[in-house]
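Sequences are here, hints too, so could you generate the full structure?
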Amino acid sequence: MNFGYSETCLAHDTGERHPENPDRLRAIQEGLARKHSVEYVNADSATRDGVEAVHDSDYVAEFREFCESGGGNWDPDTVAVEATWEAALKSAGLACWSAEKALDGDDGRDTPFALGRPPGHHAVEDDAMGFCFFNNVAVAARHVIDADDTDADSVAIFDWDVHHGNGTQDIFYEAGDVFYASFHEEGLYPGTGEIEETGEGEGAGTTLNVPLPAGAGDPEYRDAFDELVAPALRDFGPDLLLVSAGFDAHRHDPISRMRVSTDGYGMLTDRVRDAAAETDAALGFVLEGGYGLDTLAESVAEVHEIFDGKRPLTSDDDANDDVRERIEEIRNSHPAFDE
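Taking my numbering, I'd label the letters of the sequence shown as residues 1300 to 1638.
Since the hints were made in silico from the structure, they are not lab data. Backbone N, C-alpha and C fix where the C-beta goes; we use that ideal spot for every residue, glycine too.
As a list, the in silico DMTMM-like pairs of lysine to aspartate or glutamate whose alpha-carbon atoms are at most 25 Å apart:
hint, residue 1, residue 2
1, K1609, D1579
2, K1609, E1597
3, K1334, D1573
4, K1334, D1406
5, K1609, D1562
6, K1334, D1569
DEER-style ranges, computed between Cβ atoms:
hint, residue 1, residue 2, range
7, G1490, E1624, 17 to 25 Å
8, R1333, D1620, 33 to 41 Å
9, R1325, D1617, 34 to 42 Å
Here it is as C-alpha coordinates:
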(Lines of atoms letter the chains of each structure in order from A and count residues from 1; the text may use other names and numbers.)
(Lines give C-alpha, C1' and ligand atoms only; values in the text may rest on other atoms or scores of the structure.)
Protein backbone atom coordinates (compact mmCIF):
# COMPACT_ATOMS: atom_id res chain seq x y z
CA MET A 1 0.00 0.00 0.00
CA ASN A 2 0.92 3.65 -0.26
CA PHE A 3 0.46 5.51 3.00
CA GLY A 4 -0.31 9.19 3.28
CA TYR A 5 1.64 10.59 6.23
CA SER A 6 2.96 13.89 7.55
CA GLU A 7 4.87 14.79 10.69
CA THR A 8 2.56 17.80 10.93
CA CYS A 9 0.06 15.39 12.48
CA LEU A 10 2.51 14.59 15.29
CA ALA A 11 2.40 18.20 16.49
CA HIS A 12 -1.20 17.74 17.67
CA ASP A 13 -0.16 17.12 21.29
CA THR A 14 -2.99 15.81 23.45
CA GLY A 15 -0.83 14.99 26.47
CA GLU A 16 0.89 11.84 27.69
CA ARG A 17 -2.18 10.16 29.15
CA HIS A 18 -4.59 10.87 26.32
CA PRO A 19 -5.39 7.73 24.29
CA GLU A 20 -5.33 9.64 20.98
CA ASN A 21 -1.70 10.73 21.00
CA PRO A 22 1.19 11.01 18.52
CA ASP A 23 2.56 7.61 19.56
CA ARG A 24 -0.25 6.04 17.55
CA LEU A 25 1.35 7.12 14.28
CA ARG A 26 4.83 6.29 15.53
CA ALA A 27 3.70 2.77 16.45
CA ILE A 28 2.15 2.26 13.01
CA GLN A 29 5.36 3.34 11.31
CA GLU A 30 7.44 1.05 13.52
CA GLY A 31 5.16 -1.86 12.67
CA LEU A 32 5.26 -1.13 8.95
CA ALA A 33 9.05 -0.82 9.00
CA ARG A 34 9.17 -4.60 9.31
CA LYS A 35 7.11 -5.05 6.14
CA HIS A 36 8.06 -4.54 2.52
CA SER A 37 6.60 -2.39 -0.25
CA VAL A 38 5.68 0.43 2.13
CA GLU A 39 5.79 3.95 0.70
CA TYR A 40 4.88 7.23 2.40
CA VAL A 41 3.47 10.26 0.64
CA ASN A 42 3.00 13.72 2.11
CA ALA A 43 -0.16 15.32 0.74
CA ASP A 44 -1.36 18.89 0.61
CA SER A 45 -3.41 20.13 3.53
CA ALA A 46 -7.12 20.62 3.04
CA THR A 47 -8.17 24.17 2.28
CA ARG A 48 -10.50 26.17 4.46
CA ASP A 49 -13.06 26.07 1.65
CA GLY A 50 -12.65 22.31 1.57
CA VAL A 51 -13.49 21.80 5.23
CA GLU A 52 -16.29 24.38 5.05
CA ALA A 53 -17.92 22.24 2.37
CA VAL A 54 -19.03 19.96 5.23
CA HIS A 55 -18.52 22.15 8.32
CA ASP A 56 -20.21 25.38 9.40
CA SER A 57 -17.96 28.37 8.69
CA ASP A 58 -18.59 29.88 12.14
CA TYR A 59 -17.44 26.65 13.77
CA VAL A 60 -14.32 26.54 11.58
CA ALA A 61 -13.48 30.13 12.56
CA GLU A 62 -14.07 29.39 16.24
CA PHE A 63 -11.83 26.32 16.10
CA ARG A 64 -9.03 28.28 14.41
CA GLU A 65 -9.25 31.04 17.01
CA PHE A 66 -9.26 28.44 19.79
CA CYS A 67 -6.00 26.99 18.49
CA GLU A 68 -4.40 30.39 17.88
CA SER A 69 -5.11 31.30 21.50
CA GLY A 70 -3.19 28.23 22.68
CA GLY A 71 -5.95 25.63 22.68
CA GLY A 72 -7.00 23.61 25.71
CA ASN A 73 -9.93 21.30 26.35
CA TRP A 74 -12.63 21.86 23.76
CA ASP A 75 -14.59 19.33 25.76
CA PRO A 76 -13.41 16.85 28.44
CA ASP A 77 -12.14 14.40 25.79
CA THR A 78 -11.18 16.63 22.89
CA VAL A 79 -7.91 18.51 23.33
CA ALA A 80 -6.19 21.05 21.10
CA VAL A 81 -2.93 22.98 21.09
CA GLU A 82 -1.82 25.76 18.79
CA ALA A 83 -0.52 23.24 16.23
CA THR A 84 -3.82 21.34 16.11
CA TRP A 85 -5.26 23.66 13.45
CA GLU A 86 -2.55 22.76 10.94
CA ALA A 87 -2.64 19.09 11.96
CA ALA A 88 -6.40 18.94 11.42
CA LEU A 89 -6.10 20.53 7.98
CA LYS A 90 -3.31 18.08 7.12
CA SER A 91 -5.31 15.09 8.35
CA ALA A 92 -8.26 16.12 6.19
CA GLY A 93 -5.91 16.71 3.28
CA LEU A 94 -4.46 13.22 3.64
CA ALA A 95 -7.99 11.80 3.46
CA CYS A 96 -8.56 13.79 0.25
CA TRP A 97 -5.30 12.39 -1.10
CA SER A 98 -6.52 8.84 -0.42
CA ALA A 99 -9.77 9.50 -2.26
CA GLU A 100 -8.05 11.18 -5.20
CA LYS A 101 -5.39 8.50 -5.64
CA ALA A 102 -8.00 5.76 -5.50
CA LEU A 103 -10.00 7.48 -8.24
CA ASP A 104 -6.81 7.98 -10.24
CA GLY A 105 -6.56 4.20 -10.42
CA ASP A 106 -4.17 3.38 -7.58
CA ASP A 107 -5.12 -0.10 -6.43
CA GLY A 108 -3.56 -3.43 -5.51
CA ARG A 109 -0.18 -2.78 -3.89
CA ASP A 110 -0.68 0.95 -4.53
CA THR A 111 -4.00 1.19 -2.67
CA PRO A 112 -3.93 4.45 -0.64
CA PHE A 113 -4.25 4.60 3.14
CA ALA A 114 -4.28 8.01 4.86
CA LEU A 115 -2.50 7.95 8.24
CA GLY A 116 -3.67 11.25 9.67
CA ARG A 117 -4.63 12.52 13.08
CA PRO A 118 -6.66 13.95 14.69
CA PRO A 119 -9.26 11.42 13.56
CA GLY A 120 -12.55 12.66 12.18
CA HIS A 121 -15.69 10.57 12.22
CA HIS A 122 -17.23 12.12 15.37
CA ALA A 123 -16.90 15.72 14.14
CA VAL A 124 -20.35 17.04 13.24
CA GLU A 125 -21.12 19.99 11.00
CA ASP A 126 -20.78 22.62 13.71
CA ASP A 127 -18.82 21.05 16.55
CA ALA A 128 -15.81 18.98 17.57
CA MET A 129 -16.17 15.92 19.77
CA GLY A 130 -14.71 12.51 20.49
CA PHE A 131 -11.07 13.50 19.71
CA CYS A 132 -12.21 14.84 16.28
CA PHE A 133 -12.20 18.37 14.85
CA PHE A 134 -12.70 18.02 11.08
CA ASN A 135 -14.52 15.03 9.65
CA ASN A 136 -11.72 13.83 7.41
CA VAL A 137 -13.61 11.19 5.45
CA ALA A 138 -16.56 13.53 4.94
CA VAL A 139 -14.27 16.29 3.66
CA ALA A 140 -12.71 13.77 1.26
CA ALA A 141 -16.04 12.43 0.01
CA ARG A 142 -17.50 15.87 -0.66
CA HIS A 143 -14.21 17.04 -2.19
CA VAL A 144 -14.13 14.37 -4.89
CA ILE A 145 -17.85 14.57 -5.63
CA ASP A 146 -17.69 18.36 -6.08
CA ALA A 147 -14.37 18.42 -7.98
CA ASP A 148 -14.49 19.01 -11.71
CA ASP A 149 -11.52 16.72 -12.41
CA THR A 150 -12.66 13.49 -10.71
CA ASP A 151 -15.02 10.79 -11.91
CA ALA A 152 -17.01 10.43 -8.71
CA ASP A 153 -20.72 11.11 -8.60
CA SER A 154 -21.24 8.95 -5.52
CA VAL A 155 -19.19 7.73 -2.55
CA ALA A 156 -19.80 4.97 -0.04
CA ILE A 157 -18.19 5.08 3.41
CA PHE A 158 -17.81 1.89 5.43
CA ASP A 159 -16.89 2.66 9.04
CA TRP A 160 -15.52 -0.31 10.97
CA ASP A 161 -14.35 1.74 13.98
CA VAL A 162 -15.84 0.40 17.22
CA HIS A 163 -17.59 3.73 17.82
CA HIS A 164 -20.44 4.98 15.68
CA GLY A 165 -19.36 7.75 13.31
CA ASN A 166 -22.14 10.10 14.33
CA GLY A 167 -20.52 13.04 12.56
CA THR A 168 -20.27 11.27 9.22
CA GLN A 169 -23.84 10.08 9.50
CA ASP A 170 -25.15 13.53 10.42
CA ILE A 171 -23.29 15.33 7.63
CA PHE A 172 -24.68 13.01 4.94
CA TYR A 173 -28.01 12.01 6.51
CA GLU A 174 -30.03 13.82 3.85
CA ALA A 175 -27.56 13.33 0.98
CA GLY A 176 -28.39 10.93 -1.81
CA ASP A 177 -24.86 10.79 -3.22
CA VAL A 178 -23.11 9.37 -0.13
CA PHE A 179 -23.90 6.01 1.44
CA TYR A 180 -22.76 5.48 5.04
CA ALA A 181 -22.51 2.07 6.72
CA SER A 182 -21.24 1.56 10.26
CA PHE A 183 -20.30 -1.40 12.44
CA HIS A 184 -20.12 -0.28 16.07
CA GLU A 185 -20.45 -1.58 19.61
CA GLU A 186 -24.00 -1.10 20.78
CA GLY A 187 -24.33 1.44 23.60
CA LEU A 188 -20.75 2.69 23.35
CA TYR A 189 -19.87 6.39 22.92
CA PRO A 190 -21.49 8.46 21.48
CA GLY A 191 -24.68 6.41 21.88
CA THR A 192 -25.95 6.95 18.34
CA GLY A 193 -26.30 4.62 15.38
CA GLU A 194 -29.62 2.86 15.91
CA ILE A 195 -30.87 0.60 13.15
CA GLU A 196 -33.88 2.87 12.65
CA GLU A 197 -31.55 5.69 11.54
CA THR A 198 -31.55 5.10 7.78
CA GLY A 199 -31.47 8.60 6.28
CA GLU A 200 -34.03 11.23 5.33
CA GLY A 201 -35.11 13.15 2.26
CA GLU A 202 -32.80 12.52 -0.68
CA GLY A 203 -30.72 10.39 1.69
CA ALA A 204 -33.54 8.03 2.62
CA GLY A 205 -32.04 4.54 2.77
CA THR A 206 -28.42 5.71 2.43
CA THR A 207 -27.49 5.11 6.08
CA LEU A 208 -26.96 1.56 7.33
CA ASN A 209 -26.23 1.09 11.02
CA VAL A 210 -25.17 -2.28 12.38
CA PRO A 211 -24.92 -1.95 16.17
CA LEU A 212 -23.33 -5.14 17.47
CA PRO A 213 -23.41 -6.41 21.06
CA ALA A 214 -20.26 -6.38 23.15
CA GLY A 215 -18.19 -9.50 22.55
CA ALA A 216 -18.81 -9.70 18.80
CA GLY A 217 -15.77 -10.95 16.94
CA ASP A 218 -14.59 -12.32 13.63
CA PRO A 219 -17.57 -14.61 12.80
CA GLU A 220 -20.07 -11.88 13.66
CA TYR A 221 -18.27 -9.24 11.62
CA ARG A 222 -17.94 -11.69 8.72
CA ASP A 223 -21.66 -12.44 8.57
CA ALA A 224 -22.70 -8.83 9.08
CA PHE A 225 -20.51 -7.71 6.21
CA ASP A 226 -21.52 -10.53 3.85
CA GLU A 227 -25.25 -10.22 4.51
CA LEU A 228 -25.66 -6.49 5.08
CA VAL A 229 -22.85 -4.25 3.88
CA ALA A 230 -21.86 -6.12 0.71
CA PRO A 231 -25.39 -6.31 -0.75
CA ALA A 232 -26.12 -2.70 0.27
CA LEU A 233 -22.99 -1.57 -1.57
CA ARG A 234 -24.06 -3.52 -4.65
CA ASP A 235 -27.44 -1.81 -4.48
CA PHE A 236 -25.94 1.69 -4.11
CA GLY A 237 -23.19 1.25 -6.72
CA PRO A 238 -20.63 3.88 -5.58
CA ASP A 239 -17.84 5.26 -7.71
CA LEU A 240 -15.58 5.31 -4.65
CA LEU A 241 -15.55 3.29 -1.43
CA LEU A 242 -13.75 4.86 1.53
CA VAL A 243 -13.08 2.85 4.68
CA SER A 244 -13.14 4.74 7.97
CA ALA A 245 -10.56 2.37 9.40
CA GLY A 246 -10.54 2.40 13.18
CA PHE A 247 -8.98 -0.59 14.92
CA ASP A 248 -10.48 -0.23 18.38
CA ALA A 249 -12.79 -3.23 17.98
CA HIS A 250 -9.66 -5.36 18.42
CA ARG A 251 -9.94 -7.88 21.21
CA HIS A 252 -6.97 -6.29 23.00
CA ASP A 253 -7.89 -2.63 22.53
CA PRO A 254 -8.22 -0.92 25.93
CA ILE A 255 -11.43 1.02 25.32
CA SER A 256 -13.87 -1.52 23.83
CA ARG A 257 -15.31 -4.93 24.60
CA MET A 258 -15.29 -6.36 21.10
CA ARG A 259 -13.37 -9.46 20.04
CA VAL A 260 -12.07 -8.80 16.52
CA SER A 261 -8.63 -10.33 15.95
CA THR A 262 -5.78 -9.04 13.84
CA ASP A 263 -6.67 -11.77 11.34
CA GLY A 264 -10.23 -10.49 11.47
CA TYR A 265 -9.12 -7.13 10.11
CA GLY A 266 -7.40 -8.98 7.29
CA MET A 267 -10.64 -10.82 6.59
CA LEU A 268 -12.60 -7.55 6.53
CA THR A 269 -10.01 -5.96 4.26
CA ASP A 270 -10.27 -8.81 1.79
CA ARG A 271 -14.06 -8.57 1.77
CA VAL A 272 -13.99 -4.79 1.33
CA ARG A 273 -11.61 -5.21 -1.60
CA ASP A 274 -13.90 -7.79 -3.20
CA ALA A 275 -16.96 -5.57 -2.67
CA ALA A 276 -15.22 -2.61 -4.30
CA ALA A 277 -14.20 -4.77 -7.26
CA GLU A 278 -17.71 -6.15 -7.63
CA THR A 279 -19.19 -2.66 -7.85
CA ASP A 280 -16.27 -1.30 -9.91
CA ALA A 281 -15.57 1.23 -7.16
CA ALA A 282 -12.22 2.78 -6.39
CA LEU A 283 -11.01 2.00 -2.85
CA GLY A 284 -9.18 4.08 -0.25
CA PHE A 285 -8.62 3.93 3.52
CA VAL A 286 -8.63 6.67 6.16
CA LEU A 287 -7.39 6.09 9.72
CA GLU A 288 -9.81 6.63 12.58
CA GLY A 289 -9.34 5.11 16.06
CA GLY A 290 -7.36 2.31 17.66
CA TYR A 291 -5.71 2.89 21.02
CA GLY A 292 -3.66 -0.18 21.88
CA LEU A 293 -0.36 0.71 20.25
CA ASP A 294 0.71 -2.86 19.52
CA THR A 295 -2.66 -3.98 18.20
CA LEU A 296 -3.07 -0.80 16.15
CA ALA A 297 0.32 -1.34 14.51
CA GLU A 298 -0.37 -5.04 13.92
CA SER A 299 -3.79 -4.36 12.41
CA VAL A 300 -2.65 -1.64 10.00
CA ALA A 301 0.20 -3.93 8.96
CA GLU A 302 -2.35 -6.71 8.38
CA VAL A 303 -4.35 -4.47 6.04
CA HIS A 304 -1.14 -3.68 4.18
CA GLU A 305 -0.17 -7.34 3.90
CA ILE A 306 -3.54 -8.31 2.41
CA PHE A 307 -2.82 -5.91 -0.46
CA ASP A 308 0.71 -7.28 -0.64
CA GLY A 309 -0.56 -10.78 -1.37
CA LYS A 310 -1.25 -12.37 2.01
CA ARG A 311 -4.24 -14.70 2.06
CA PRO A 312 -6.65 -13.77 4.85
CA LEU A 313 -7.57 -16.21 7.57
CA THR A 314 -11.34 -16.45 7.93
CA SER A 315 -13.03 -18.03 10.94
CA ASP A 316 -15.27 -21.01 10.24
CA ASP A 317 -17.13 -20.54 13.51
CA ASP A 318 -20.82 -19.66 13.50
CA ALA A 319 -21.86 -16.17 14.53
CA ASN A 320 -23.63 -16.02 17.86
CA ASP A 321 -27.42 -16.04 18.03
CA ASP A 322 -27.73 -12.41 19.15
CA VAL A 323 -25.90 -11.17 16.08
CA ARG A 324 -27.78 -13.53 13.78
CA GLU A 325 -31.01 -12.05 15.12
CA ARG A 326 -29.68 -8.50 14.67
CA ILE A 327 -28.74 -9.21 11.04
CA GLU A 328 -32.21 -10.54 10.31
CA GLU A 329 -33.80 -7.56 12.06
CA ILE A 330 -31.87 -5.16 9.84
CA ARG A 331 -32.57 -7.13 6.68
CA ASN A 332 -36.27 -7.05 7.48
CA SER A 333 -36.40 -3.31 8.19
CA HIS A 334 -33.83 -1.44 6.09
CA PRO A 335 -34.95 -0.03 2.69
CA ALA A 336 -31.83 -1.42 1.00
CA PHE A 337 -33.19 -4.94 1.43
CA ASP A 338 -36.72 -4.37 0.21
CA GLU A 339 -37.69 -7.06 -2.28
